[in-house]
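Engineer: Letter by letter, the chains look like this.
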Amino acid sequence: MNTESLVVSCENGILKARVLGDIDHHCAKPIREKIDDYIFKYKPDLVLLDLSLVEFMDSSGLGLILGRFNTANEIGADFKIYSPSRGVRKILELAGIERLIKIEGELRG
Amino acid sequence: MKNKENQMKLYLPSLSINESVARSAVAVFVAQLNPTIEEISDIKCAVSEAVTNSIVHGYKFCQGEIYIGVKYYSDRTVVIEIKDKGCGIEDVKLAMTPLFTTDTTGERSGMGFAVMQTFMDNLEVYSKKDKGVRIVMEKKLK
Ligand SMILES: Nc1ncnc2c1ncn2[C@@H]1O[C@H](COP(=O)(O)OP(=O)(O)O)[C@@H](O)[C@H]1O
Ligand SMILES: [Mg+2]
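In the order they appear, the protein sequences are chains A and B.
The numbering used here puts the first sequence at residues 1 to 109.
The numbering used here puts the second sequence at residues 1001 to 1142.
Please keep in mind that the hints were generated in silico from the structure rather than gathered at the bench.
Source: prediction; values computed, not measured.
Any given hint could be a false lead.
Dumping the calculated SDA-like pairs for lysine to any residue here, alpha-carbon to alpha-carbon at most 25 Å [stated by the list, open to error]:
| # | chain 1 | residue 1 | chain 2 | residue 2 |
| --- | --- | --- | --- | --- |
| 1 | B | LYS1131 | B | GLU1065 |
| 2 | A | LYS90 | A | LEU66 |
| 3 | A | LYS90 | B | LYS1002 |
| 4 | A | LYS102 | B | TYR1126 |
| 5 | A | LYS102 | B | GLU1038 |
| 6 | B | LYS1002 | B | VAL1021 |
| 7 | A | LYS16 | B | GLY1106 |
| 8 | B | LYS1140 | A | ARG89 |
| 9 | A | LYS43 | B | GLU1107 |
| 10 | A | LYS34 | B | VAL1028 |
Bound conformation, chain A alone (with noise of 0.2 Å):
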């Protein structure tokens, strides 16, 4: 699938959605929809949520990472974060997400 928004691609049981621009509160009902569509779907092992294009993020995305958990939490599939920025990474460090989510990848500015 690709839209506007979202890549989402299934193999070898690891679900990877892959977000396109901001997420904030305007962009992040079709993202979360979408993802909770493809995680009923294909019922993967591992959600592995790409931030690698994700520039700008406000506590909007917070919300829906912690929703996609609870999403794949609820099949029994493990939920990874690949490549925030440093941005983003900031706000996740604020709200105490690796506490919970392990992140993956490279800093990157």
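Guided by the hints, dock chain B with the ligands onto chain A, whose structure is given.
Structural biologist: Then chain B with the ligands, alone, in the frame of chain A:
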């Protein structure tokens, strides 16, 4: 803060598409001061939080207008004021507690005020029930 050097006033209807309009406009205005990437990212995030709150909470049941004012002073202090005439906040102290949210969809984190407080140097919130919300935040750029 010394002398006021420049200012911008913006009025936007409470449409969620305007969350990005508001933060981008403020970023363009503040860019005159050559802020660091981190400073600009902090300011965009704080503006996004305040404007989103006006849209999601203040004007939950009706559309309204949001005022966004930005000024900067000769000592590089940026002052941002964001106002709505929505439902207001009964207990401001409680609302500002990290993780506190009145949202029932489970999709809000209750971290908006915490973000504004952490990413800016100073945050003041004025509100009364049914009287809207006025937020004033400051950041001194390096
Ligand atoms: N402009 C506003 N008008 C009315 N209520 C507000 C406004 N801003 C914040 N609030 C209240 O304060 C609470 C906390 O806000 P915040 O920290 O941004 O968390 P969230 O937006 O995730 O609920 C909100 O749930 C809401 O009840
Ligand atoms: Mg908020």
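Engineer: Which of the listed hints are broken here?
Structural biologist: Failing hints, ascending: 3, 4, 6, 10.
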